[in-house]
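Participant: Residue numbers (my numbering), protein chains in the order written: chain A, 1 to 289; chain B, 1 to 286.
Source of the hints: derived by calculation from the structure; they are not laboratory data.
A hint or two may mislead.
Once the Cα atoms are required to be at most 25 Å apart in a straight line, the calculated DSS-like pairs of lysine-lysine come out as [claimed, not checked]:
#, chain 1, residue 1, chain 2, residue 2
1, A, Lys4, B, Lys99
2, B, Lys61, B, Lys73
3, A, Lys2, B, Lys22
4, A, Lys92, A, Lys167
5, B, Lys61, A, Lys92
6, B, Lys22, A, Lys92
7, B, Lys105, A, Lys4
8, B, Lys105, A, Lys2
9, B, Lys99, A, Lys167
Estimated spans, in silico, between C-beta atoms of each pair [said to hold, decoys possible]:
#, chain 1, residue 1, chain 2, residue 2, range
10, A, Trp268, B, Arg53, 48 to 56 Å
11, A, Tyr223, B, Lys22, 45 to 53 Å
12, A, Pro190, B, Val31, 20 to 28 Å
13, A, Leu21, B, Glu177, 21 to 29 Å
14, A, Ser126, B, Arg206, 32 to 40 Å
15, B, Thr30, A, Asp48, 21 to 29 Å
16, B, Leu189, A, Asp88, 32 to 40 Å
17, A, Gln45, B, Ile274, 46 to 54 Å
18, B, Ala138, A, Thr64, 19 to 27 Å
19, A, Leu21, B, Glu182, 26 to 34 Å
20, B, Phe116, A, Val187, 45 to 53 Å
21, B, Gly193, A, Thr90, 44 to 52 Å
22, B, Thr144, A, Phe3, 36 to 44 Å
Every residue, glycine too, gets a C-beta built ideally from N, C-alpha and C.
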Amino acid sequence: MKFKTNSPLPGFAPALFYTVLYLALIVVIPLSGLFFKTAELGLAQFWDLISGERVTHALTISFTTALAAAIINAVFGLIIAWVFVRYDFTGKGLFDAIIDLPFALPTAVAGIALSTLYSGSGWLGSLFNKIGIEIAFTPLGIVIALTFIGLPFVVRSVEPVLRELEKELEEAAASLGANRWQTLYHVVFPTLLPALLSGFALAFARGVGEYGSVIFIAGNVPYVSEVAPLLIVIKLEEYDYAGATAVAAAMLLISFVLLILINALQAWSQRYKSSSQNVSTTPVQEHLA
Amino acid sequence: MNSSQRINITKASSHSAISEGKLTRWLLSTVALSFLILFLLLPLFTVFAEALRNGWQTYGKALSDADGLAAIKLTVIASAIAVPLNLIFGVAAAWSIAKFEFRGKVLLSTLIDLPFSVSPVVTGLIFVLMFGASGWAAPLLNNTDIQILFALPGIVLVSIFVTFPFIARELIPLMQEQGSDEEQAALSLGANGWQTFWHVTLPNIRWGLLYGVLLCNARAMGEFGAVSVVSGHIRGETNTLPLHVEILYNEYNFAAAFAMASILACLALVTLAIKAVLEKTHGLKH
Chain A
1 MKFKTNSPLP GFAPALFYTV LYLALIVVIP LSGLFFKTAE LGLAQFWDLI
51 SGERVTHALT ISFTTALAAA IINAVFGLII AWVFVRYDFT GKGLFDAIID
101 LPFALPTAVA GIALSTLYSG SGWLGSLFNK IGIEIAFTPL GIVIALTFIG
151 LPFVVRSVEP VLRELEKELE EAAASLGANR WQTLYHVVFP TLLPALLSGF
201 ALAFARGVGE YGSVIFIAGN VPYVSEVAPL LIVIKLEEYD YAGATAVAAA
251 MLLISFVLLI LINALQAWSQ RYKSSSQNVS TTPVQEHLA
Chain B
1 MNSSQRINIT KASSHSAISE GKLTRWLLST VALSFLILFL LLPLFTVFAE
51 ALRNGWQTYG KALSDADGLA AIKLTVIASA IAVPLNLIFG VAAAWSIAKF
101 EFRGKVLLST LIDLPFSVSP VVTGLIFVLM FGASGWAAPL LNNTDIQILF
151 ALPGIVLVSI FVTFPFIARE LIPLMQEQGS DEEQAALSLG ANGWQTFWHV
201 TLPNIRWGLL YGVLLCNARA MGEFGAVSVV SGHIRGETNT LPLHVEILYN
251 EYNFAAAFAM ASILACLALV TLAIKAVLEK THGLKH
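The shape of chain A in the complex, shown without the other chains (with noise of 0.2 Å):
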């Protein structure tokens, strides 16, 4: 087999090994100094350094409120694709570019205009004090910083996939006696599922990883509210870089098996499908397989 196929077009080699260059510089080279860091601690300290109560908590906390989060989004996220897609309204075109908001908008002024909203004297946070809920400084207050976070991603992997769903297929089902719940159970869902799916994941793993529209509203109390990177953080202003580098190993860990399920579950969602149907195979992906 041959690395290369053959073309007429110039500048492979110089563009390709520019490429890996930057790529290894950059990204390949500083990460693998993670592995080896975490490597170099050995698997009894390690275990030691991620055992502590501090940090189990912490952990926990991360990945509880974004697992919460990505919920939220993928139910709320799943009806906002449908309706952008399937309806018409005035004022859709603002909307539909403000889906995109929390992708543009940097993390910190997320994180401050969400705090002072949700605080005891803010609009919203008055009002749920009312009702006797706190969200700032509540995990509470950490759901709502990252379902803020996370729902484009939910949104954004849905529309495509809703948008090139065949209506014949919708059309067939009523012919054949299908009530519209039953057509939207038995045939949209199972379609939408996958894509409905990778959304979740990505909302997820940027959950579990968000820092800066998190720490302002979580209030930050130890074993409470306090989440795992701003740990990672503290660790590293106490120049406990072992700590750190263990914290920063076991979230990415969880995070990968947790993502690996995620996968397994979208595999077997994907299980009627035919390979023709497959909308998420990228013209890569097809020609290489």
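Here the structure of chain A is known, so what remains is to put chain B in place on it, guided by the hints.
Facilitator: For chain B alone, coordinates are given in the frame of chain A:
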């Protein structure tokens, strides 16, 4: 008569069977828009409301503060280095991945996307592990005056890392879709490689390129977690705009914090507006 009636019934029932009832449509739309207003518009509105709470004069004074101006300057300089570097990389990566077939292409694409899945704080951490006091790459700098951490080079490095995939991600699918027929035609007519790139490829990808640069720039200027770890927070020296927002906020100087934040919010709004225009006029869809 009988048959036409039947047709009408089938039509009506098939119509209601492939779309929801009026009430359901109204309900779903209301839920979707309320969620967007509550979670996205309200925080955005808060930024500007809080910035202008004490009037335009306070707002103007906050913007012309010396430390604030230093933060703006540092942010602009860091992006002005990081974005062009990622632009060159993005074009080189897209050229090799989209126009050629070679082994290991999927692996290369995956590695390019890797920075998307690394937490900003962990990004900061890996460069501290590299260039910190006992960092593994620190001996390389022993005999030089170059300081990376708590200085501009560190801020630039993490900015490049977090925005690494943006431009490449934008260009690869675009260039794959366009194929290489036009380039091959130009070459067969006697153009050389650079001429083909400048006169054929670049005009075809310019809007995608512009959008990628905008996204990359917005993220580079707004990056908080990674920069926070490597910057050292030296006021007036290594504070970028988002870090300055944090400091002002933690000092309870809310009006000034939100005034600074409003600059970043405007940058975000301009990015979104240009994106919307590009999608409408040039059919870019993401």
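Participant: Each hint should be assessed against the structure and marked as holding or not.
Facilitator: Consistency of the hints with the structure:
1. Only pairs whose Cα atoms come within 25 Å are accepted, and Lys4/A paired with Lys99/B is accepted, the gap being roughly 11 Å.
2. Of the supplied pair hints, the one linking Lys61/B and Lys73/B holds, its CA atoms being roughly 17 Å apart against a limit of 25 Å.
3. Taking the CA atoms of Lys2/A and Lys22/B, the gap is near 60 Å; set against the 25 Å cutoff, the hint is violated.
4. Of the supplied pair hints, the one linking Lys92/A and Lys167/A holds, its CA atoms being roughly 22 Å apart against a limit of 25 Å.
5. Only pairs whose Cα atoms come within 25 Å are accepted, and Lys61/B paired with Lys92/A is rejected, the gap being roughly 37 Å.
6. At most 25 Å may separate the alpha-carbon atoms for a hinted pair to count; Lys22/B and Lys92/A meet this at roughly 18 Å.
7. A threshold of 25 Å between alpha carbons decides the hint, and for Lys105/B with Lys4/A the separation of about 10 Å falls inside it, so the pair holds.
8. For the hint linking Lys105/B to Lys2/A, the alpha-carbon distance of about 13 Å falls within 25 Å, and the restraint holds.
9. Among the hinted pairs, Lys99/B with Lys167/A is inconsistent with the structure: their alpha-carbon atoms are about 35 Å apart, more than 25 Å.
10. Between Trp268/A and Arg53/B the Cβ separation comes to about 52 Å, which falls inside the hinted range of 48 to 56 Å.
11. At roughly 51 Å, the beta carbons of Tyr223/A and Lys22/B sit within the given window of 45 to 53 Å.
12. For the hinted restraint 20 to 28 Å between Pro190/A and Val31/B, the CB-CB distance of approximately 23 Å keeps it satisfied.
13. About 27 Å separates the C-beta atoms of Leu21/A and Glu177/B, a value consistent with the hinted range of 21 to 29 Å.
14. With their beta carbons about 49 Å apart, Ser126/A and Arg206/B fall outside the hinted range of 32 to 40 Å.
15. In this structure the hint that Thr30/B and Asp48/A lie 21 to 29 Å apart at CB is violated, the actual value being about 53 Å.
16. About 47 Å separates the C-beta atoms of Leu189/B and Asp88/A, a value inconsistent with the hinted range of 32 to 40 Å.
17. At about 50 Å, the beta-carbon gap between Gln45/A and Ile274/B stays in the expected band of 46 to 54 Å.
18. Between Ala138/B and Thr64/A the C-beta distance comes to about 38 Å, which lies outside the given range of 19 to 27 Å.
19. Between Leu21/A and Glu182/B, the C-beta spacing of about 28 Å keeps the proposed range 26 to 34 Å intact.
20. Range check, Phe116/B to Val187/A: about 33 Å between beta-carbon atoms, so the 45 to 53 Å window is missed.
21. Evaluation of the 44 to 52 Å hint for Gly193/B and Thr90/A yields a pass: the beta carbon distance comes to about 50 Å.
22. Range check, Thr144/B to Phe3/A: about 38 Å between beta-carbon atoms, so the 36 to 44 Å window is met.
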